[in-house]
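If you're matching them up, the sequences are chains A and B in order.
Position 107 of the first sequence, counting from 1, maps to 107 under our numbering, and the rest follow consecutively.
Position 294 of the second sequence, counting from 1, maps to 294 under our numbering, and the rest follow consecutively.
Some clues are possibly wrong.
The list that follows gives simulated cross-link-like pairs (lysine to aspartate or glutamate, EDC-like), each with its CA atoms no further than 16 Å apart [unchecked claim]:
hint: 1; chain 1: B; residue 1: K39; chain 2: A; residue 2: D253
hint: 2; chain 1: A; residue 1: K177; chain 2: A; residue 2: D42
hint: 3; chain 1: A; residue 1: K177; chain 2: A; residue 2: D255
hint: 4; chain 1: A; residue 1: K177; chain 2: A; residue 2: D215
hint: 5; chain 1: A; residue 1: K177; chain 2: A; residue 2: E139
hint: 6; chain 1: B; residue 1: K165; chain 2: B; residue 2: D199
hint: 7; chain 1: B; residue 1: K39; chain 2: A; residue 2: D42
hint: 8; chain 1: A; residue 1: K228; chain 2: A; residue 2: E210
hint: 9; chain 1: B; residue 1: K39; chain 2: A; residue 2: D255
Hints in this document: simulated from the structure, not taken from any laboratory.
The structure presented is a predicted model; accordingly, all values stated were derived computationally and were not measured.
What follows is the residue order along each chain.
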Amino acid sequence: MTDQETNGSQNSPSEHCGIFTIPGSDPIQGAWRDITYVPVRDNIWSVSEGIYRTIFVEGDKGVVAFDTFTTPGGARAYQGAMQRVFPNKPVHTIVYSHEHLDHTGYAADLAPDADIIAHDLCNQVIVGRQSDGQLPATEVWDGERKQYNIDGVEFELIYPGPTHGDGNVAAYFPQSKLLFMVDTVIPGVGYTFFPDWHMSPYVPTMRRFESLDWDTFVPGHFWITDRKGFADNLDYYDRMAEIAQEAIGAGLDVDDFAEVTRYTYEHLKPKFGKHFRFDEYCAMNLSRYMSHYLTGGWGIEGNMTADTRPL
Amino acid sequence: MNEHQGIFTSQAVQDYLAAPATVSSEQLSDRLWTASDGKYRTVFVEADNSVVAFDTFGTPARARAYAAEIARVIPGKPVSTVIYTHDHLDHAGFASDFAPGAEIVADEMTAKVVAMRGADGQLPATQALSGTEHRVNFDGAEFVLLNRGPVHGTGHLSAWFEDEKVFYSSDTILANARYGLMPDYHIANFVKIMRSFLDLDFERFVPGRYEVTDRARFEEGCDYIEAMQVTCQAAFLNFVPIWIHDVMAGFVQNELGDRFGHLDGFMEHSGQTAIRIVHHYLMGGWGLEDTPEPGILLAE
């Protein structure tokens, strides 16, 4: 039997539909996602369907899962992967990294009875959003750091300040020297136009993690990296901030995307052309940074002064 | 001499900030004008002894050109009041260069963001408004300021000039399709809130960019964004690679071209707009502004 048959999930009726308002979401919401899973270190495993990535951790009696994947079908595939690795250990706890549906939208399909842990800033949005399939937290925490020991799984959740989304937290496993954080440092150039990134505080807030003792960084997308990959990625943001200002100073019109694209290839390709997804996203990255400087930052989070104290 | 520089940190922008600009104006009624630098647009009102101006334009040089244009058409009356439509620097960033002694009026959330930001040249509010509707009178100039919820930026105020049947709303609906990546738009409630303004009696609509238009094209603008929301969901549901600009542009242009292809900028901008909107559905919206009942944001 195939995984699809054993899970019986493909195209099942009435999938949870997130915030879609038009009919017909069942095929893509229910589509099976092939998941690969690898042991990372100690009792920590990582899973990915090629684009999204998260971790799950073996406890004494069950599994602590981080996030839920992108769709109901993805959530079920994630659940299937964990069952395959730990066939007799149920998912008893889900930890939300942040509130976006593409990472945490489908606990109702992953493990509907699990305890769910989220930062208060994350859960406020989830409760307000009322998205179909996204379950609110059963345990909310606030502040900057909180240590957990759940079923023998020890980790610390850290909210360093505004980075991406709301209440976006890192999971730190000091014994394993591993840091996991979603939709912040991602290999390659930034994703499209940095959706819901809080540009002003982003880099200094992320650099706070450099004060912790870890050597493995698991991002929310693509491949696992290390301290150098983490630092190099933040350097890219710093450089884009400079280039965006230079482009405005040179008279580039942010509303002329064809010209922004031309400028990107002319000025950025020599330095960043070999970065993963340069062709797909770099012009959008530049456009977003230009908008940031022209508008001044977006909302409360986008205008907060970063806390730069070491963690 | 260095210009006020907003949040720029690079000296490379000094020429941009100082570049000479021309702001021209068009009289909409005995007391009401609209002003434009060729892209951005705002309004100002002649009061009994002074001028009430909305926003400042987006560079120190443009702010000075705005002040000069007001002085040209309404000589002898100083700008006593500046109303920030929202917090963004490209509209409201340079009161220091425009009218440094004026009262600054803003929604309380705009005032909060402006204070947090501390941008060089953007003056903090001296009067913060709370709530959804305010019938104001500044030096004899009466009109209505409205914040019906998050549409764009933070603490966004629109203005209704009842006697002139003019509605002014900056960086919301446009008379074209030049929305780009819809920076800091709040997609969840945008069309619902903008359509609610159709309960006002207005014939002319002044957007924050490009040309003045009318009620019918305001409604068409709402229709366009709404159609884009439906089409972007359809793209996702049809397994379109939503992260690739040219593919998303092709999809929405094919789906919406017959109905909206006549809008200026449709071919150039619809791809970016589509990528922004489809990610709203993928991610669930951005922050409390994009929740179904965002009224909480109107209070402290």
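Restraint status (C-alpha distance of B/K165 to B/D199 at most 16 Å):
12 Å, holds
Hinted pair A/K228 and A/E210, Cα distance within 16 Å
Status holds; Cα separation ~10 Å.
Satisfaction of hint between A/D255 and B/K39, Cα-Cα up to 16 Å
10 Å, holds
A/K177 and A/D42: Cα distance at most 16 Å?
This hinted pair holds, its Cα atoms lying about 10 Å apart.
Given the hinted pair A/K177 and A/D215, is their Cα-Cα distance within 16 Å?
6 Å, holds
When you check the alpha-carbon spacing of A/K177 and A/D255, does it fall within 16 Å?
44 Å, violated
Check whether the Cα positions of B/K39 and A/D253 lie no farther apart than 16 Å.
Within the cut-off at roughly 11 Å; holds.
Hinted pair, alpha-carbon criterion (16 Å max): A/K177, A/E139. Please report holds or violated.
26 Å, violated
Are the Cα positions of B/K39 and A/D42 separated by 16 Å at most?
58 Å, violated
Of the numbered hints given earlier, the model fails hints 3, 5 and 7; all others are met.
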